[in-house]
Amino acid sequence: MRKVDRLGWAAGFSFLSYGRRVGVRVNRAVELERLKAHLPPGWKPSASPIVERLYSLVFGGEDGKRGARRFNLLYADFERVERTHDTESMLEAFESNLRLFVAEWARRRVFVHAGVVGWRGQAVLVPGRSHTGKTTLVAELVRAGATYYSDEFAVLDERGRVHPYAKPLAVRESANGRQTNYGVESFGGRAGAGPLPVGLVAVSSYREGALWRPRTLSAGQGMLALLDNTVSARREPERALSALEQVASRAAVLKGARGEAADTALAILALLNRNMRGTRGDDEESDRPEAEAAALFR
Numbered sequence: 286m287r288k289v290d291r292l293g294w295a296a297g298f299s300f301l302s303y304g305r306r307v308g309v310r311v312n313r314a315v316e317l318e319r320l321k322a323h324l325p326p327g328w329k330p331s332a333s334p335i336v337e338r339l340y341s342l343v344f345g346g347e348d349g350k351r352g353a354r355r356f357n358l359l360y361a362d363f364e365r366v367e368r369t370h371d372t373e374s375m376l377e378a379f380e381s382n383l384r385l386f387v388a389e390w391a392r393r394r395v396f397v398h399a400g401v402v403g404w405r406g407q408a409v410l411v412p413g414r415s416h417t418g419k420t421t422l423v424a425e426l427v428r429a430g431a432t433y434y435s436d437e438f439a440v441l442d443e444r445g446r447v448h449p450y451a452k453p454l455a456v457r458e459s460a461n462g463r464q465t466n467y468g469v470e471s472f473g474g475r476a477g478a479g480p481l482p483v484g485l486v487a488v489s490s491y492r493e494g495a496l497w498r499p500r501t502l503s504a505g506q507g508m509l510a511l512l513d514n515t516v517s518a519r520r521e522p523e524r525a526l527s528a529l530e531q532v533a534s535r536a537a538v539l540k541g542a543r544g545e546a547a548d549t550a551l552a553i554l555a556l557l558n559r560n561m562r563g564t565r566g567d568d569e570e571s572d573r574p575e576a577e578a579a580a581l582f583r
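Position one of the sequence shown corresponds to residue 286 (my numbering), numbered consecutively onward.
If you're looking for bench data, these hints aren't it; they were derived computationally from the structure.
Hints are not guaranteed to be accurate.
Claimed, not checked - Simulated restraints, written as ranges between beta carbons of each label pair:
| # | residue 1 | residue 2 | range |
| --- | --- | --- | --- |
| 1 | G494 | R414 | 18 to 26 Å |
| 2 | L292 | D371 | 15 to 23 Å |
| 3 | L292 | A555 | 50 to 58 Å |
| 4 | G473 | E364 | 37 to 45 Å |
| 5 | I335 | T465 | 30 to 38 Å |
| 6 | D290 | N466 | 28 to 36 Å |
| 7 | R500 | R393 | 28 to 36 Å |
What the hints assert, rightly or not - In silico EDC-like cross-links for lysine to aspartate or glutamate, where the CA-CA straight-line distance does not exceed 16 Å:
| # | residue 1 | residue 2 |
| --- | --- | --- |
| 8 | K540 | D513 |
| 9 | K288 | D362 |
| 10 | K329 | E318 |
| 11 | K288 | E364 |
| 12 | K321 | E373 |
| 13 | K321 | E377 |
| 14 | K321 | E380 |
We put the CB at the ideal spot given by N, CA and C, even for glycine.
Work out the full structure, taking the sequences as your base and the hints as a guide.
Now the structure itself:
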């Protein structure tokens, strides 16, 4: 028996997320319900006692007998991931580690670090890792009328369509650097409900005072930009490349520095509107053929 198995567990549950079975156990049963707010979007309860990843959370706090504070501990399988007096830090580490596990091992889906919105039946992808400003840009796109899909991952199927991953938007507070979650309604928007073809990939990095004047990348350059942000690229390169090729061969890929997110969001949507062919409806779950995505910027 491993040391972590002897810590004394009071309660637990298992769930399915993108085809993977995950288990969670805690040392205090009262804490179990609060963990569900940190699970990936679309998770479903599972009755199976067999899981592919097991998370163990020890909630510390004050030790009444010794007058000392006990650490909060997080284990992923048998590896200790976090040791901290701050409960919120442990929960953030749990959420981050869990989402990356699911993103890397998801069945029939390819996860790309990217913000995603829908606009007139097509998706706009903003690839980038943490601290690249993609949540800020996504929030401004939503404020400008786009439909929210994700501020963290573009979830692609084998046809290159992007599916909703509508977690709360994690806005980083400038005062302390911590993230605060906001529902899409806080930005006057709504979440998408179905898959969309990708019409535009906006490869963008923040530069103070910059105007968004992007250049067009080739399909090959676009694939490389997406591949660099694909979670499963090293483990399953063939499957990742197949999905990314579907995106890069149909979507316009633009790259350029950006300034303020609000200005960039308006510029992106204006560019999309100018280059759309014909009049399209505002419903993101359009039944028009995916091939129409290829018309953008062509």
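Hint check results:
1. G494 - R414: 18 to 26 Å: About 23 Å separates the Cβ atoms of G494 and R414, which means 18 to 26 Å holds.
2. L292 - D371: 15 to 23 Å: holds, 20 Å
3. L292 - A555: 50 to 58 Å: holds, 56 Å
4. G473 - E364: 37 to 45 Å: holds, 42 Å
5. I335 - T465: 30 to 38 Å: holds, 36 Å
6. D290 - N466: 28 to 36 Å: holds, 32 Å
7. R500 - R393: 28 to 36 Å: Taking Cβ atoms as reference, R500 and R393 lie about 34 Å apart, which means the hint holds.
8. K540 - D513: Holds, because 14 Å separates the two Cα atoms, which is no more than 16 Å.
9. K288 - D362: holds, 11 Å
10. K329 - E318: Distance of about 14 Å is within 16 Å: holds.
11. K288 - E364: holds, 11 Å
12. K321 - E373: Status holds; Cα separation ~14 Å.
13. K321 - E377: holds, 13 Å
14. K321 - E380: With a Cα-Cα distance of about 10 Å, the restraint between K321 and E380 holds, given a limit of 16 Å.
The structure agrees with every numbered hint stated previously.
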